[in-house]
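If you're matching them up, the sequences are chains A and B in order.
The first sequence begins at 86 in the numbering used here and counts up by one.
The second sequence begins at 5 in the numbering used here and counts up by one.
Keep in mind that the hints were calculated from the coordinates and are not lab data.
Hints may contain errors.
[Stated by the list, open to error] In the DSSO-like style, the derived pairs of lysine-lysine whose C-alpha atoms are separated by at most 27 Å in a straight line are:
#1 A/167 to B/291
#2 B/152 to A/476
#3 A/126 to B/291
#4 A/203 to B/152
#5 A/123 to B/332
#6 A/203 to B/113
A quick note: this is a predicted structure, and the numbers were derived from the prediction, not measured.
Listed here are the chains, written in short residue letters.
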Amino acid sequence: MDDFLAARSQMALSLGFHIIFSCIGMVMPFFMAVSHYKWLKTNDEAYRNVTKAWSKGVAIFFATGAVSGTMLSFELGLLWPKFMEHAGPIFGMPFSLEGTAFFIEAIALGFFLYGWDKLNKWFHWFTGMVVGVSGLASGILVVAANSWMNSPAGFDFVGGKYLNIDPIQAMLNKAWFSQALHMCLAAFTATGFAVAGVHALMILRNSNKDFHLKAFKIAAIFACIGALLQPLSGDISAKDVAKRQPAKLAAMEALYKTQKPAPLLIGGIVNEKDKTVKMAIEIPGALSFLAHGDFKSEVKGLDQIPEDQHPPVAITHYAFQIMVGIGTLLLFVALIYFFTLFKRKPLTEKRWILKLFVFAIPLGYIALEAGWVVTEVGRQPWIIYGIMRTKDAVTPMPGIAYSFYIFSAIYVSLSLVVTFLLYRQIKMVPVLYNKPASKIPNQ
Amino acid sequence: MEYVVITFLCLGILLYFLLGGADFGAGIIELFTSTKNRSRTRKTMYQAIGPVWEANHMWLIIAIVILFVGFPHIYTTMSIYLHIPLLIMLIGIIARGTAFVFRHYDAIKDDMQWLYNRIFRYSSFITPLFLGIIAGSVISGHIDPNAKDFRSAYIYSWLNWFSISVGLFTVALCGFLAAIYLIGETEDNHDKRRFIKKAEYMNIAAIIFGAMVFIAAQLDKIPLFDWVFKNNVGIIAIVLASLSLILLWYLLLKGKTKVLRILAGFQVTMILLAISYAHFPNFIRLKNGDTISLFESIGPEKTIYSLGLALLLGSILILPFLGYLFYKFQKKEE
Numbered sequence: 086m087d088d089f090l091a092a093r094s095q096m097a098l099s100l101g102f103h104i105i106f107s108c109i110g111m112v113m114p115f116f117m118a119v120s121h122y123k124w125l126k127t128n129d130e131a132y133r134n135v136t137k138a139w140s141k142g143v144a145i146f147f148a149t150g151a152v153s154g155t156m157l158s159f160e161l162g163l164l165w166p167k168f169m170e171h172a173g174p175i176f177g178m179p180f181s182l183e184g185t186a187f188f189i190e191a192i193a194l195g196f197f198l199y200g201w202d203k204l205n206k207w208f209h210w211f212t213g214m215v216v217g218v219s220g221l222a223s224g225i226l227v228v229a230a231n232s233w234m235n236s237p238a239g240f241d242f243v244g245g246k247y248l249n250i251d252p253i254q255a256m257l258n259k260a261w262f263s264q265a266l267h268m269c270l271a272a273f274t275a276t277g278f279a280v281a282g283v284h285a286l287m288i289l290r291n292s293n294k295d296f297h298l299k300a301f302k303i304a305a306i307f308a309c310i311g312a313l314l315q316p317l318s319g320d321i322s323a324k325d326v327a328k329r330q331p332a333k334l335a336a337m338e339a340l341y342k343t344q345k346p347a348p349l350l351i352g353g354i355v356n357e358k359d360k361t362v363k364m365a366i367e368i369p370g371a372l373s374f375l376a377h378g379d380f381k382s383e384v385k386g387l388d389q390i391p392e393d394q395h396p397p398v399a400i401t402h403y404a405f406q407i408m409v410g411i412g413t414l415l416l417f418v419a420l421i422y423f424f425t426l427f428k429r430k431p432l433t434e435k436r437w438i439l440k441l442f443v444f445a446i447p448l449g450y451i452a453l454e455a456g457w458v459v460t461e462v463g464r465q466p467w468i469i470y471g472i473m474r475t476k477d478a479v480t481p482m483p484g485i486a487y488s489f490y491i492f493s494a495i496y497v498s499l500s501l502v503v504t505f506l507l508y509r510q511i512k513m514v515p516v517l518y519n520k521p522a523s524k525i526p527n528q
Numbered sequence: 005m006e007y008v009v010i011t012f013l014c015l016g017i018l019l020y021f022l023l024g025g026a027d028f029g030a031g032i033i034e035l036f037t038s039t040k041n042r043s044r045t046r047k048t049m050y051q052a053i054g055p056v057w058e059a060n061h062m063w064l065i066i067a068i069v070i071l072f073v074g075f076p077h078i079y080t081t082m083s084i085y086l087h088i089p090l091l092i093m094l095i096g097i098i099a100r101g102t103a104f105v106f107r108h109y110d111a112i113k114d115d116m117q118w119l120y121n122r123i124f125r126y127s128s129f130i131t132p133l134f135l136g137i138i139a140g141s142v143i144s145g146h147i148d149p150n151a152k153d154f155r156s157a158y159i160y161s162w163l164n165w166f167s168i169s170v171g172l173f174t175v176a177l178c179g180f181l182a183a184i185y186l187i188g189e190t191e192d193n194h195d196k197r198r199f200i201k202k203a204e205y206m207n208i209a210a211i212i213f214g215a216m217v218f219i220a221a222q223l224d225k226i227p228l229f230d231w232v233f234k235n236n237v238g239i240i241a242i243v244l245a246s247l248s249l250i251l252l253w254y255l256l257l258k259g260k261t262k263v264l265r266i267l268a269g270f271q272v273t274m275i276l277l278a279i280s281y282a283h284f285p286n287f288i289r290l291k292n293g294d295t296i297s298l299f300e301s302i303g304p305e306k307t308i309y310s311l312g313l314a315l316l317l318g319s320i321l322i323l324p325f326l327g328y329l330f331y332k333f334q335k336k337e338e
């Protein structure tokens, strides 16, 4: 494996791993806050138990997300020193704010996890809320840094030099809003469906129905609202990408030739050598509409972009198809769920809906990872779009392949252990939470 | 504003050394505790560092963010030439943090605990060792941007006696800080005596490794001796450190446990000050004798201004909240 490919793979792996953990860490606190609130209001022990059970999951995910995030802040330099040398002072602003947000999150989590029965109950609830809000803020800030790579701003690039640096303008670049919105909704949707699905599975198995049903309802409502809003945010993103990064949009839709009007391709097999797509379903004019809001407008194809600036088309196209496909599917699940809410029949008797949620457990995260592939691979060959190429940023140190193997091993084993721990937490629910409340050990 | 940023950088490094160090030290203490006492040590340690350990490690993130935003040249030079020790340190951080959480949140306590404990203990040792190695390498003058082959560029930059001595010295200091911290966290007299014993050993180890650092510096022609003893600040810091050490042992025998940690923290701060004062504002020493100074490599004005502002704003939010966390989860006097 050559060093450049190894560096890219290691970065992709680290981000792909981190993104799941940080999404869970930033969304779960809101679920907990809802059930915690319900417990404080209704004194229903089941809500207290749900909150506690979730908080254990959050502790596991937060720690894993925190260490993998620490890892990333070093990896940026270890793998891409030339990039960081120039980009650090420009896009560093969101990172320095994120440091604060993350710090507050860690402090608040300390309060929340260890504060049961030690703090004023509303202050305790408030610390849980702080975990969520600061986590969400960290997420938005990190995405703002990433969006700067897609939409560089806040400096003048003159003769290879980065002049007139303005970090605030860099942070508020053109892509930050659309990317941050899309990411946050994705986090809520993916985590919501995963959590709801796990509880749905337990309801289907008739274990601790009351506990799992309460948990299911909270997670499902977040997931379904997210899934309903996501297409709107996707539309904002698509129009934005069409304007700023035509090469990425063309790769997403494998549009080799500029067309007016341009069709939307669903599926298909991309042949990068012949620059053709076979067996795709074409919807005439739909891409024109998605990109510019007009069924008859022209969409720039890859033929108008110099060959050495083409992103890998097949990967970007497939990833985009997966993301949109799953997004649509989850939208339908959400609609069905909302529809059944209006009927009087209790949820536990509609097993097929619960089964649908079980089926959806991994889907949100698959879509989320695919979305990251679209935005990251679609930006190639650039690390700073239009300014610096990824291959010019890579570290001069040889032998990165070995570090890639080591990290693959670490991430694979961490994923296995975390899954194993969650499995055990869920397995122990009857033992831990069937006792009267007074006997529940505090941590 | 550049002074604000540099102050926060120094503060971040110092606090990481003290708080994160005590945290690593707790694992080191566990490593050097006999098997029959381990579960007791583990329990005391969990109560002591459980609520605060994540916050302690944020200081590293703060320091690293300041470096890459404000001093990108320093950050990238370290990233390139100290790639390998940084990588090992990172693996240590990952392994340690996850093992610590996993062993507590595994709903079923069985043989897996054995694995978590092993990983936790060894990574608690390796991580500060490599932190120390990195710190030593930065000032050792072994980093060579003109190196032609792999070994002299990426291996000998950190694999030398001086860096390793600094690494071991760091481990001993971490263990010392943790032992002192844990003394104040336990009620049990037997445990107290055990931690005092540990503090003694770690103190002796620190003196031995400290001497090793100076010897290695002499052999390597690193002017460490001059930095520490050829200026008043260095001498005063060393004198204060020694005095506080004597006071610390006096108070320890008297059974006053809570002031101890302040003294231990003060002592370590003085040691760091003594080493770094004459070297400041130079940060990295290169093989060809050049240095990379903080002031010369500082980022553009606007960046530093907004970074400083973000740090000030952040600390207004963070510090009271953090102080309350430490206060709230202190061991309660029954």
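Each hint tested on the structure:
Under the criterion of a C-alpha separation no larger than 27 Å, the hint pairing residue 167 of chain A with residue 291 of chain B is consistent with the structure, at around 21 Å. Between the alpha carbons of residue 152 of chain B and residue 476 of chain A the distance comes to roughly 21 Å, so the proposed pair stays at or under 27 Å and holds. Taken as a hint, the residue 126 of chain A and residue 291 of chain B pair is broken in the structure, with Cα atoms around 66 Å apart against an allowance of 27 Å. For the suggested pair residue 203 of chain A and residue 152 of chain B, the alpha carbons sit about 60 Å apart, so the restraint of at most 27 Å is broken.
Annotation: proposed proximity of residue 123 of chain A to residue 332 of chain B holds, straight-line Cα distance about 26 Å (limit 27 Å). Under the criterion of a C-alpha separation no larger than 27 Å, the hint pairing residue 203 of chain A with residue 113 of chain B is consistent with the structure, at around 26 Å.
Going through the hint list in order, the structure does not satisfy hints 3 and 4.
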